[in-house]
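K.L.:
Sequence:
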Amino acid sequence: MNPPSASPPPEQAPVHVPDALAPLIAHHPDVLPILRAARLGLAELGGLPPVHVELVTLAALTALGAPADSFGVHVRRARELGVSEADVWGVLETLAVIVGIPRLIHAVPAVAAGLEL
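Taking this note's numbering, the leading residue of the sequence shown gets 13, the next gets one more, and so forth.
For the record, the hints were derived by calculation from the structure and aren't laboratory data.
The model shown is predicted, which means the values in this text are computed figures rather than measured ones.
Yeah, the Cβ is synthetic: ideal placement off N, Cα and C, and Gly gets one too.
A hint or two may mislead.
Computed spacing ranges between beta-carbons, pair by pair [what the hints assert, rightly or not]:
1) A38 to G112: 35 to 41 angstroms
2) A75 to A32: 30 to 36 angstroms
3) H39 to A124: 18 to 24 angstroms
4) G59 to P79: 37 to 43 angstroms
5) G94 to P35: 35 to 41 angstroms
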């Protein structure tokens, strides 16, 4: 068991829900709270500090070619947790040779928007 962390709770505010999920939410309104609870529970179980969870999440979103809407909340959360702008970009730079340029072309504008550049 990991000792309690002095870090803030994983999420403190509602997150933006992309319009693309509206049909799923209309079908089952509880789906997002259930998925969110599962994600937060698994992150806690994993024992990583919230700041590391956000960096890993940015790496995974980049590797998956996730929609642009997925990046903003995690970039902002990483910054709130004290991650420097240089370290946010460092995640993408580190991934460049692993995931390839097409994934970076997809991720960079979304990360820049999250950093409000």
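K.L.:
Taking the hints in turn, state whether each one holds.
P.N.:
Hint-by-hint comparison with the structure:
1. A38 to G112: 35 to 41 angstroms: Roughly 36 angstroms apart at Cβ, these two residues keep to the hinted range, so it holds.
2. A75 to A32: 30 to 36 angstroms: Check failed, 20 angstroms falls outside 30 to 36 angstroms.
3. H39 to A124: 18 to 24 angstroms: violated (34 angstroms)
4. G59 to P79: 37 to 43 angstroms: Violated, since G59 and P79 (Cβ atoms, about 28 angstroms apart) do not stay within the stated range.
5. G94 to P35: 35 to 41 angstroms: Holds: the Cβ-Cβ distance is about 37 angstroms, inside 35 to 41 angstroms.
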